[in-house]
Amino acid sequence: MPPLPAKRPQASFSVWLGVVPFFAFAMVFLILPTLHVVLGAFTRPDGGVTGDNLAGLLAGTILSALWVSLRISLWTAFLGCIAGLLVAGAITHGGLPRGIRDSITTFSGVASNFAGVPLAFAFIATLGRLGFITVLARDWLGINIYATGFNLTSFSGLTLAYLYFQIPLMVLIITPALEGLRTEWREAAESLGASGPQYWRMVALPVLWPSLLGAFALLFANAFGAVATAMALTGSALSILPIILFAQIRGDVLQDPHLGYAIAFAMIVLTGLSNLIYIRLRVRSERWQK
Amino acid sequence: MIGKRFWSWTIFALAALYFLLPLVGMLEFSLRARRGAYSLDAYRNVLNDAQFHQTLGYSLILSMSTVVLGLLIVAPTAFWVQLKIPRIRPLVEFITLLPLVIPPIVIAFGYIRLYNTSSVLPLTGSARGTDLLLTAGYATLSLPYMYRAIDTGLRAIDIRTLTEAAQSLGAGWMTVLTRVVLPNISVAILSGSFLTFAIVIGEYVLAALLDRPAFGPYMVWMGSNRAYEPAALAVISFGLTWAAMAAIQFLARRGHHSVKV
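Going line by line, the protein sequences match chains Y and V.
Residue numbers for the first sequence, in the working numbering: 1 to 290.
Residue numbers for the second sequence, in the working numbering: 1 to 261.
Chain Y extracted, bound-state conformation (with noise of 0.2 Å):
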């Protein structure tokens, strides 16, 4: 359907208190308070305007903290990009049977989801230390995987988890974009002498790029700002940024208020520009699809 016009402008005074309440909520709601929490972070406790509070973040447990969230964040989109892409390749372009090819829909779908307590406990019941693999490996296998180095309350337990709600995604994402490389660009290609490898460099990479690169930050922007999956499964054993803000929030543990603040408004940037990226690079990607 084509966009309505707009009504003629002598209404127009009772035609926006129409929409009075929405921008009302979204003001009281959503808006002042992440304003009053940027604010904050520019400011000192006398009210003067500082750069300090940002300045804090470089330093002691908030650095290493955020490290630890910039590492965990972008090895897990990483990691999830390749997985997920190799299973929606599996489904749109690996002649599975069809019925296989919705469930994985409707399951990455559920799981995409699924992130949060729940799925921690499910780690936890699954690769703890008293977890139904580890059991398993250890009765039937007479392997201790604990003996191995893993352990699921660190970063590679955490990553392992994360995977869990990063992998649907990339499929729920990239899957329409794999819909729309057709077959006759491969048959071209082909025809022409292509190779398989030389068709993917030069014509599949290029087309796909945009979307690879816009779920990589989409993912990268959905790990960043996970906070339950990670207090469940690791307590606090594992710092990291949202953690260590969650602490301050709820007891003041970095004895500076406006720190708080500032590590808000770091999250806020990245995540910000993560999706940022994501949007631009999915108008651009979206050519291709039509």
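Don't read these hints as lab results, they were simulated from the structure.
Accuracy of the hints is not assured; some may be wrong.
Okay, the calculated bits of chain V under chain Y, using three or more residues with CB under 8 Å as the criterion [claimed, not checked]:
1. 5-13
2. 55-66
3. 80-88
4. 100-109
5. 137-145
6. 225-238
Okay, the calculated beta carbon distance ranges per label pair [as the list claims (entries may be wrong)]:
7. V:Ala-127 <-> Y:Phe-23: 22 to 30 Å
8. Y:Ser-103 <-> V:Gly-3: 20 to 28 Å
9. V:Gly-3 <-> Y:Glu-179: 15 to 23 Å
10. Y:Phe-155 <-> V:Trp-242: 26 to 34 Å
11. V:Tyr-18 <-> Y:Phe-23: 39 to 47 Å
For every residue, glycine included, the Cβ atom is placed at its ideal position computed from N, Cα and C.
Once you have looked at the hints, place chain V on chain Y.
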């Protein structure tokens, strides 16, 4: 060709292993509460725990209030914007997408600082006020999903003609909205509602920071105090999420069908 099939099946098998094992593990673990035999003891303990009923009941009520609040804010707005002021649609869309950009923990932080007892709007001063704040917070988190579902639903029908037809029969705005538009986008509304439900029911960060007795904080508390009950809770919570998401898929398929016909 056989090579391609082989790799597809291998990828599928590996993915199935990775995604099913934690579910199997969770189920198996939840049955292990009695030494030496599988039993439903963990579930019995959970179901006999008064706190389980209180927190789950609280979260259920909260999720329903969130759905109602979300609908009250989103449905009339999406309708009005499409019908009367389509030029502000990009702005409205942008605002509804913001909760995906701003992490929930930051929104909660803003609430606590802005609406504490010493502010103009001291919502966190009383339990009722905090409940209201929490509901509003959840409605905010669900804005992207609710708005997209309803906006898509509205675009699939000719609301202009429907509205004009109803008005020429003497219907006022309320009648148009409640008796003409809403019934026509019921599938979209239900999808948005189920997704909201799935988000709210086990949410942890907002509820914990606002210190309300919701299901999410209860699960975390169990996680650090019990061994097998958390797995039972995860199974229950997963079942609830699955039911909500399955309902959406079902509705989506039916919705597609009716549009095609």
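To see whether the hints hold, each was checked on the structure:
Check on the region 5-13 of chain V: 6 of its residues sit with their Cβ under 8 Å from a Cβ of chain Y, so the three-residue criterion for coverage holds. Residue count for the region 55-66 of chain V with a Cβ under 8 Å from a Cβ of chain Y: 0. That is fewer than the three needed, and the coverage hint is violated. Taking a C-beta to C-beta cut-off of 8 Å, the region 80-88 of chain V contributes 9 residues in contact with chain Y, enough for the three needed, and the coverage statement holds. For the region 100-109 of chain V, the proposed coverage by chain Y is satisfied: 10 residues have a C-beta within less than 8 Å of a C-beta in that chain, meeting the threshold of three.
Residue count for the region 137-145 of chain V with a Cβ under 8 Å from a Cβ of chain Y: 4. That meets the three needed, and the coverage hint holds. A stretch counts as covered by a chain when three or more of its residues have a beta carbon under 8 Å from one of that chain; for the region 225-238 of chain V and chain Y the count is 7, and the coverage holds. About 29 Å separates the C-beta atoms of Ala-127 of chain V and Phe-23 of chain Y, a value consistent with the hinted range of 22 to 30 Å. A hinted range of 20 to 28 Å holds for the C-beta pair Ser-103 of chain Y and Gly-3 of chain V, which are about 24 Å apart.
For the pair Gly-3 of chain V and Glu-179 of chain Y, the supplied restraint of 15 to 23 Å holds, since their beta-carbon distance comes to about 22 Å. In this structure, Phe-155 of chain Y and Trp-242 of chain V meet the distance hint of 26 to 34 Å, their C-beta atoms being roughly 30 Å apart. Between Tyr-18 of chain V and Phe-23 of chain Y the CB atoms are about 44 Å apart, so this pair conforms to the stated range of 39 to 47 Å.
Checked against the numbered hints given earlier, this structure breaks only hint 2.
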